[in-house]
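> Protein chains in written order, with this note's numbering: chain B, 75 to 213; chain G, 75 to 213; chain R, 75 to 213.
Simulated from the structure, these hints should not be mistaken for lab results. Treat each hint with caution, since some may be false.
[Claimed, not checked] Under the rule of at most 27 Å between Cα atoms (straight-line distance), these lysine-lysine pairs were calculated in the BS3-like manner:
(1) G:Lys205 / B:Lys183
(2) G:Lys104 / G:Lys205
(3) R:Lys104 / G:Lys183
[To be verified] Residues on chain B that point at chain R, a partial pick, calculated with CB under 8 Å:
(4) His76
(5) His79
(6) Thr119
(7) Asn148
(8) Asn150
(9) Tyr151
(10) His202
Glycine included, each C-beta is placed from N, C-alpha and C at the ideal position.
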Amino acid sequence: MHVHHDQLEVRTRGKGLYEITDQIESKIDKHEVRNGTVTVFVQHTSCSVVIMENADPTARGDLEEFFDRLVPENANYFRHDSEGSDDMPSHIRMVLTHSSETIPIVGGKIQLGTWQGIFLFEHRRAPHRRKIFVTLIGE
Amino acid sequence: MHVHHDQLEVRTRGKGLYEITDQIESKIDKHEVRNGTVTVFVQHTSCSVVIMENADPTARGDLEEFFDRLVPENANYFRHDSEGSDDMPSHIRMVLTHSSETIPIVGGKIQLGTWQGIFLFEHRRAPHRRKIFVTLIGE
Amino acid sequence: MHVHHDQLEVRTRGKGLYEITDQIESKIDKHEVRNGTVTVFVQHTSCSVVIMENADPTARGDLEEFFDRLVPENANYFRHDSEGSDDMPSHIRMVLTHSSETIPIVGGKIQLGTWQGIFLFEHRRAPHRRKIFVTLIGE
Chain B
75 MHVHHDQLEV
85 RTRGKGLYEI
95 TDQIESKIDK
105 HEVRNGTVTV
115 FVQHTSCSVV
125 IMENADPTAR
135 GDLEEFFDRL
145 VPENANYFRH
155 DSEGSDDMPS
165 HIRMVLTHSS
175 ETIPIVGGKI
185 QLGTWQGIFL
195 FEHRRAPHRR
205 KIFVTLIGE
Chain G
75 MHVHHDQLEV
85 RTRGKGLYEI
95 TDQIESKIDK
105 HEVRNGTVTV
115 FVQHTSCSVV
125 IMENADPTAR
135 GDLEEFFDRL
145 VPENANYFRH
155 DSEGSDDMPS
165 HIRMVLTHSS
175 ETIPIVGGKI
185 QLGTWQGIFL
195 FEHRRAPHRR
205 KIFVTLIGE
Chain R
75 MHVHHDQLEV
85 RTRGKGLYEI
95 TDQIESKIDK
105 HEVRNGTVTV
115 FVQHTSCSVV
125 IMENADPTAR
135 GDLEEFFDRL
145 VPENANYFRH
155 DSEGSDDMPS
165 HIRMVLTHSS
175 ETIPIVGGKI
185 QLGTWQGIFL
195 FEHRRAPHRR
205 KIFVTLIGE
């Protein structure tokens, strides 16, 4: 049993879902983990990591629209707005989703279901460089 | 330290919470893990795994009602509806809850609190066979 | 590779976010884990563990206000209310957030981003003693 840490950088171009499944699989190959788990952790408070349907782009569009409506910008009670109207909603959207996901690895393969993909969910409108920590525990 | 992988299948009969705590405990016993963690991972994008109050069935009913109201079917902006009106809401409900939960194991016992149970949260109306991955890391 | 388990108790004084980052870091130091992960798990169904912006208190206030509005007390369909009007909302808020968080450890340091803190999110109005399980896996 060993621990391997690695990192990814994702350059986002505004709000939305960015698939990172391939990059995570590359890290499993690189560190030659056959049997264990991978934990994907974002080091930010205004984006998330989520597992989502990865076949139909309209599903991702509908998800983004849902979150835009659930957590509106410019709510009249928001006080934390120093970085703009998408600042506070980005923290709320992060708490409502996930800072990390943990997925099993068997025989060197990540055990995602047929329709599951791993995504960075960007909550800010401006482009950002997002740091993702990848931790592999296994043998 | 070792990794043990196992799987469960849960047959659901429509939307709602299905308790799987006993099945998870059986996997811990079977693999004789005394000290470590168990990660429960669903390989689907239209159901979730959640920890919930497991004593009072009305709490689960209220939770289901809350999600039916928070993520309504037939929102006028949904485009992803090829599998019916419960298709897109099921993906949103999954992202708002969890694809996995990780719980400590001490002395061969899962360290859930008094009122915590582990549940599969089915978001589709039709019956489904759901695959759950159980990963035990420990000694 | 070893597993170390430890526990924290947090005394809450009503609804809100209570930072526990320092206590988690102390457990990493105490058990001398250099390289691995820490999993923080709450053994309750009416509070959560979340990662949140830890610099500006107004961000936390806005988050609390958002959850008070998203999950109102006294919804007319709630049946689970034996412990009061904040009973059922506390379970829903827990399911919408997290029972655990897993964070990497490198060189003995927790790998949180610049603005990330770990918080207990209390959902009940009355004071509570909350038990948090801390599991360190690593070497």
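> Against the earlier hints, flag every one the structure doesn't satisfy and list their numbers going up.
Result: hints 7, 8, 10 break, sorted rising.
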